[in-house]
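Chains as they are written, first to last, in the working numbering: chain Y, 1 to 260; chain E, 1 to 161; chain P, 1 to 271.
Be careful, since some hints might not be right.
[What the hints assert, rightly or not] Stretches of chain P that chain Y covers, calculated by requiring three or more beta carbons in the stretch to come under 8 angstroms of a beta carbon on chain Y: (1) 84–93; (2) 104–111.
[Claimed, not checked] Label-pair restraints from in silico Cβ distances: (3) E/G51 - Y/E178: 33 to 39 angstroms; (4) E/L12 - Y/A257: 50 to 56 angstroms; (5) P/K68 - Y/A257: 51 to 57 angstroms; (6) E/L12 - P/K186: 49 to 55 angstroms; (7) Y/G23 - E/L12: 36 to 42 angstroms; (8) Y/A13 - E/L12: 45 to 51 angstroms; (9) E/T102 - Y/F260: 45 to 51 angstroms; (10) P/Q59 - Y/S234: 48 to 54 angstroms; (11) P/G179 - Y/A13: 27 to 33 angstroms; (12) Y/S135 - P/L114: 18 to 24 angstroms; (13) Y/A81 - E/I71: 53 to 59 angstroms; (14) Y/A257 - P/L114: 51 to 57 angstroms; (15) Y/A13 - P/G193: 53 to 59 angstroms; (16) Y/A257 - E/G152: 49 to 55 angstroms.
What the hints contain is simulated information worked out from the structure, not anything from laboratory work.
Don't be surprised by glycine CBs; every beta carbon is placed ideally from N, CA and C.
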Amino acid sequence: MNALLNPIRRLGALSINAIWRLGFISRFFVAILLNSGQSLLRFQLTIREVYFAGVLSLIIIIVSGLFVGMVLGLQGYNTLARFGSADALGALVALSLLRELGPVLAALLFASRSGSAMTAEIGLMKATEQLEAMSVMAVNPIARVVAPRFWAGVISMPILAALFNVMGIFGGYLVGVEMIGLDAGTFWSQMQNNVDLHYDVINGLIKSLFFGMAVTLIAVFEGYDATPTAAGVSSATTRTVVTSALVILALDFVLTAFMF
Amino acid sequence: MKRSTIDLWVGLFVAIGIAAMTFLSLKVANLTPQSGSETYTLTADFDNIGGLKVKAPVKSSGVVVGRVTHIELDTKRYVARATLTLDKQYQFSRDTSAEILTAGLLGEQYIGLVQGGDPDNLASGDRISLTSSAMVLEQLIGKFMTSFAEKGSQDAPAKTE
Amino acid sequence: MSSDSFIELKNVSFAYGDRPILQDISLTIPRGKLVAIMGGSGSGKTTLLRLISGQVLAQKGQVLVDGKDVGRMSSRDLYQHRRRMGMLFQFGALFTDLSVFDNVAFPIREHTRLPESMIRDLVLMKLNAVGLRGTEALMPAELSGGMARRIALARAIALDPQIMLYDEPFTGLDPISLGTIALLIKKLNDALGTSAVMVTHDVHKSLEIVDHVYFVAGGKIAAEGTPDEVRHSSSPWVQQFVQGEADGPVHFAYPAGNSLAEAFGIKGETA
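Build the full structure now, drawing on both the sequences and the hints.
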């Protein structure tokens, strides 16, 4: 009987724990918003974090965007050519990037590069008593450490996503026009005829803004909440990447349902 | 406040971001025509619009001159009424005709405008009276089959002679 | 000595969940004196410091600092309280992403609007006080354990605090660094006139520098006195602690609740 009940009991405990953490993370989010004054007034703090979260992610975003665009160009061409509409390649590449692939892939890359780094950094600061030292010095660690990182993530994410899109479109152009030999004019005009500024470009950027908020919130929360040991920080880092990936994909579904 | 290399990098980062967004809005999404007051609207009634959708292009001689912004069913006469938003720089005469065309065999549908000979131009809110509906593939095949059958019945007695 | 007490704990009890840490503890720290709190690991010494700094709140009793109850302070008062308090953490807790200079300047920059040139003078003065002027440009990762502890001390005294809290300042240091830190603590305390609490289990070095000692065991004050009284104490508990013997009034074995024979499953031989 006990063996039968145990999985159920564990499932129950897991769900209760999940709801507990959801409540905790919501409260944490409010605390960040309330303590954001300093990171906006002393913008130097946030700029520093934009450097670590955004600027250092440039290479991975540029290279991945280029490759994703090139793959889209190849696969899209092969499929479209069967229906005799290879001319629509530009539109296909741009729309898939702007609406879905750009924001989602850029956010996944951002979570694994910058999100995990944020978690590890804050977690280690906690493990080495730096956060405690700060609060004993009458400095609120949420205002001084967490909020600047959060806003840096929110600022960086749309920029990275836009750059990912541009690189992807460029990659599609390289394959479609330079390699396969489609007409450059057709490529661009098909794209311009089918891409709407509001529906496609702006909505995609709004998506990435939401992803940026979600990923950085998870990252700073996991760091702040980490068990202050080596094992605790490493498992918190893993949790950041896994949770971020799930949340990005789920949120993408919800946002897509709302927007398009 | 001290200036540092980090500021330079972040400044560059933000500049790249703005450039990327500008590129997306101008080069990819074609922001340039139909912005703000530079447009006017026309309506056109069709018996059948087929697969025409809102946002479909309106073309004249193949040039995009505007977009379909609204489609509704006129419940008095039971015809489809499409609202077209056109760029102000393209003016059309009062006897302009509109037809629903298809790009390629299975491509998207769009509205083609053919300029007439009337010296007066259509004003905003006017209705295009000369329209021809979308070709619906099923009806087309149906027509073809009937004409084929009729032709066959005419040919049949000739053979026996 | 309670006549001029600066920090005073009255009948304080504290528990983490169901686990009681401190039970009905009372102690006083006079103004301008350096007081050590000693006891074995896990005896609740560090919790005493956290009570004084307001990081945890007592469930029963009062923690009075300069006549004000830390447990009843508003967040504004607590902020004021912490501004005039310095704390040296067990391993220094230097900010690893800031240079030595920025670490020492941190509390000054956060709490004052002084011009950069004055901050520079203050930081160099504090670094000079701990004998490490010239290390400004180094990062914490480039410092030895003893140097890091001294930088942390410079940071703790950056705003000339009235209260200093030392959490295990001697842990993990070689004898020379340990002697340096002890000397610095003593020197700075006399120079600044701060009231200081030092939590430690290093008996011999502490007895050389402090004015008064409290021994904490099992959540209670087990003994107290001046260093001389402690050295000549007749209490077997104090003697065990001072001499560092493995077994005595404090048992070597953790109270397991059953005997070894029971744990091995040998029945009928319960002790």
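Results of checking the hints against the structure:
1. A stretch counts as covered by a chain when three or more of its residues have a beta carbon under 8 angstroms from one of that chain; for the segment 84–93 of chain P and chain Y the count is 6, and the coverage holds.
2. Against chain Y, the segment 104–111 of chain P contributes 4 residues with a C-beta closer than 8 angstroms to a partner C-beta. That satisfies the three-residue criterion, and the hint holds.
3. About 34 angstroms separates the C-beta atoms of E/G51 and Y/E178, a value consistent with the hinted range of 33 to 39 angstroms.
4. The beta-carbon spacing between E/L12 and Y/A257, approximately 37 angstroms, falls outside the hinted interval of 50 to 56 angstroms.
5. Judged by the Cβ atoms, the range 51 to 57 angstroms given for P/K68 and Y/A257 holds: they are separated by roughly 56 angstroms.
6. For E/L12 and P/K186, the hinted distance range of 49 to 55 angstroms is satisfied, since their beta carbons lie about 52 angstroms from each other.
7. The supplied range of 36 to 42 angstroms is met by Y/G23 and E/L12, whose beta-carbon atoms lie about 40 angstroms from each other.
8. Evaluation of the 45 to 51 angstroms hint for Y/A13 and E/L12 yields a pass: the beta carbon distance comes to about 49 angstroms.
9. The hinted range of 45 to 51 angstroms is not satisfied by E/T102 and Y/F260, whose Cβ atoms lie roughly 24 angstroms apart.
10. A hinted range of 48 to 54 angstroms is violated for the C-beta pair P/Q59 and Y/S234, which are about 34 angstroms apart.
11. A hinted range of 27 to 33 angstroms for the beta carbons of P/G179 and Y/A13 is inconsistent with their spacing of about 52 angstroms.
12. In this structure the supplied range 18 to 24 angstroms holds for Y/S135 paired with P/L114, their Cβ-Cβ distance being about 22 angstroms.
13. Separation of Y/A81 from E/I71 is about 32 angstroms and departs from the stated range, judged on CB atoms against 53 to 59 angstroms.
14. Restraint check, Y/A257 to P/L114: a C-beta distance of roughly 54 angstroms satisfies the suggested window 51 to 57 angstroms.
15. The supplied range of 53 to 59 angstroms is met by Y/A13 and P/G193, whose beta-carbon atoms lie about 54 angstroms from each other.
16. The hinted range of 49 to 55 angstroms is satisfied by Y/A257 and E/G152, whose Cβ atoms lie roughly 53 angstroms apart.
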